[in-house]
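Please model the entire structure based on the sequences and the hints provided.
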Amino acid sequence: MLDLKKLKKDPKSVVDNLKKRGFKLDLDKWEKLEALRKSLQSDTENMQAELNEISKEIGIHKKDGTDSSKLEKKAGEITLKIKSQSKDLSPILEDLDNFVSSIPNLIDEDVPEGKDEEDNLELRTSGNPRNFNFTPKDHLELGSQLGGIDMESGVKITGARFVVLNGDLARLQRSLINFMIDIHTKEHSYEEVYVPYVVNSESLFGTGQLPKFEEDLFKLQGKENFYLASTAEVPVTNLFRDKILDSKSLPAKFACHTPCFRSEAGSYGLDTKGIMRLHQFEKVELVQAVEDKDSDTALEELTGHAEEILKRLELPYRVVTLCSGDIGFSAAKTYDIEVWIPSQNKYREISSCSNFRDFQARRMKARWKNPSSNKTELLHTLNGSGLALSRTVLAIMENFQQKDGSIAIPEVLRDYFGSNKIPS
RNA sequence: GGAGAGGUGGCUGAGUGGUUGAAAGCGCUCCCCUGCUAAGGGAGUAUAGGAUAAUCUCCUAUCGAGGGUUCGAAUCCCUCUCUCUCCGCCA
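Numbering-wise, the numbering used here comes out as the position in the first sequence, counting from 1, plus 4.
Keep in mind that the hints were calculated from the coordinates and are not lab data. One thing to keep in mind: the hints can contain errors.
Stated by the list, open to error - Okay, derived cross-link-like pairs now, SDA-like style, lysine to any residue, Cα gap no bigger than 25 Å in a straight line:
(1) Lys13 - Phe404
(2) Lys33 - Pro215
(3) Lys119 - Tyr351
(4) Lys141 - Phe404
(5) Lys77 - Lys119
(6) Lys252 - Arg266
(7) Lys160 - Gln284
(8) Lys33 - Ile96
(9) Lys190 - Arg418
(10) Lys350 - Phe222
(11) Lys216 - Tyr351
Said to hold, decoys possible - Just the calculated beta-carbon pair ranges, DEER-fashion:
(12) Asn349 - Arg418: 48 to 58 Å
(13) Pro200 - Arg316: 25 to 35 Å
(14) Gly409 - Ser253: 42 to 52 Å
(15) Val19 - Asp47: 26 to 36 Å
(16) Asp246 - Val202: 11 to 21 Å
(17) Asp123 - Arg418: 32 to 42 Å
(18) Lys190 - Ser376: 13 to 23 Å
(19) Leu254 - Glu81: 48 to 58 Å
For glycine and all other residues, C-beta sits at the position ideal for the given N, C-alpha and C.
Here it is in structure tokens:
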């Protein structure tokens with residue numbers, strides 16, 4: 005949620021900033037609503053103050069046993085007025101609320117301007133795409149040959165964009181989970197957490213998936229406000245909701261493996277082959293809550309943590325800064341890490357690392373006690389994939405494939421996997 | 001799923017209709033006292049919104065959430081939710 009004080013103080017810069025992401029803030033509407041709210045609210049509050057005063061007096065009269073009927077009559081009139089006024093006020097408050105909670109975060113100064121993913125800015129690359137001395141296959145072909153990727157069963161059991169992995173590939177994914185979590189906990193000092201995969205609407209509001217992006221989520225029947233988590237960001241970041249953290253516990257860093265469920269509405273026809281884009285996939289997520297002054301460095305650090313996994317797996321990748329038109333609703337700045345996919349001859353997203361600054365924290369009242377000012381201040385939250393599992397499996401298959409269709413296992417993973425290749 | 005009990009400030013815990021935003025204690029902050037330590041004394045210590053140029057200030061809201069009764073609700077009524085105890089079921 006935006007800092008409304010900022011909007012009041014300097015509406016133009018807020019409008020300009022939001023414009024960069026292609027969001028048109030209807031300032032007129034807001035100012036009108038706000039003016040209306042102000043006058044109605046201060047009016048009601050004044051009446052309430054008067055009523056409180058009179059009620060107190062009545063109390064004193066009752067205690068003394070003196071007559072208070074005149075006061076009671078007057079108070080009754082005021083009460084009626086307040087009630088009718090509140091009826092006018094509450095829809096305005098609701099409008100304001102909806103209006104404000106649908107405004108995306110402000111983007112950082114150094115976010116490149118642009119329209120869509122074409123305008124994202126490449127920051128660095130790591131590793132070199134391999135030169136194949138044979139024609140490389142795509143992961144689906146490889147997986148089908150190995151009998152490890154079973155799209156048909158996924159469709160039968162559930163439907164399109166669901167998959168069954170068998171044998172070595174299932175084990176490869178599981179070993180990757182352990183590998184990633186171990187590095188993040190042992191070397192990058194994250195604490196491992198296990199969290200619910202079903203989340204309520206408050207949690208989704210907190211991280212910014214609601215109210216605007218309900219169509220991306222799977223909603224559960226029955227329980228009115230339960231959804232399948234689209235990312236561990238939701239349950240893990242909400243660990244900080246309604247909390248005031250001690251400065252000693254900062255930075256708070258959590259690593260978490262969960263499945264992710266996304267309806268992928270609006271992605272019809274995109275990545276229909278194989279396991280690139282699924283309704284259900286596994287992910288190891290990194291989440292941090294830090295002091296405001298630390299979030300810039302924390303983003304660099306967190307991105308580095310995700311990159312480290314790719315480096316060790318010897319997968320070529322690049323890091324891009326998302327441009328103003330491509331960045332997500334809640335983020336102030338985002339680095340996407342893209343892994344090399346030989347069959348597509350390009351880099352594809354495998355991790356997205358974002359600094360949300362105080363945007364999520366304001367929505368979920370995630371605060372910390374600043375000992376120097378002795379005040380409670382909003383935390384800054386960050387998260388990033390470290391990494392998305394199905395795409396890591398895909399990338400290993402394609403980048404490490406051998407001429408005979410077998411797949412070599414990256415050196416660092418062999419102990420976890422228990423062998424040095426997946427035979428054809 | 002059935003039956004009961006309960007949700008009060010950073011924590012513990014009083015408070016069943018009237019100057020209660022809320023006693024007391026703990027914790028924390030500042031000050032005083034003591035040669036040091038131990039101890040003692042005093043003051044302060046929620047969040048959000050608003051008025052104001054701003055602050056000491058003032059107003060409003062908040063005692064799980066939402067409604068209701070009343071001049072007035074932490075306190076009474078209704079709905080929901082969560083926690084605990086017992087029973088049932090169960091990986």
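The hints, checked one at a time:
no. : hint                        : in the structure
1   : Lys13 - Phe404              : violated, 56 Å
2   : Lys33 - Pro215              : holds, 19 Å
3   : Lys119 - Tyr351             : holds, 19 Å
4   : Lys141 - Phe404             : holds, 11 Å
5   : Lys77 - Lys119              : violated, 63 Å
6   : Lys252 - Arg266             : violated, 36 Å
7   : Lys160 - Gln284             : holds, 15 Å
8   : Lys33 - Ile96               : holds, 11 Å
9   : Lys190 - Arg418             : holds, 18 Å
10  : Lys350 - Phe222             : violated, 30 Å
11  : Lys216 - Tyr351             : violated, 29 Å
12  : Asn349 - Arg418: 48 to 58 Å : violated, 28 Å
13  : Pro200 - Arg316: 25 to 35 Å : holds, 30 Å
14  : Gly409 - Ser253: 42 to 52 Å : holds, 50 Å
15  : Val19 - Asp47: 26 to 36 Å   : holds, 29 Å
16  : Asp246 - Val202: 11 to 21 Å : holds, 19 Å
17  : Asp123 - Arg418: 32 to 42 Å : holds, 40 Å
18  : Lys190 - Ser376: 13 to 23 Å : violated, 32 Å
19  : Leu254 - Glu81: 48 to 58 Å  : holds, 53 Å
Of the numbered hints stated above, those contradicted by the structure are hints 1, 5, 6, 10, 11, 12, 18, listed in ascending order.
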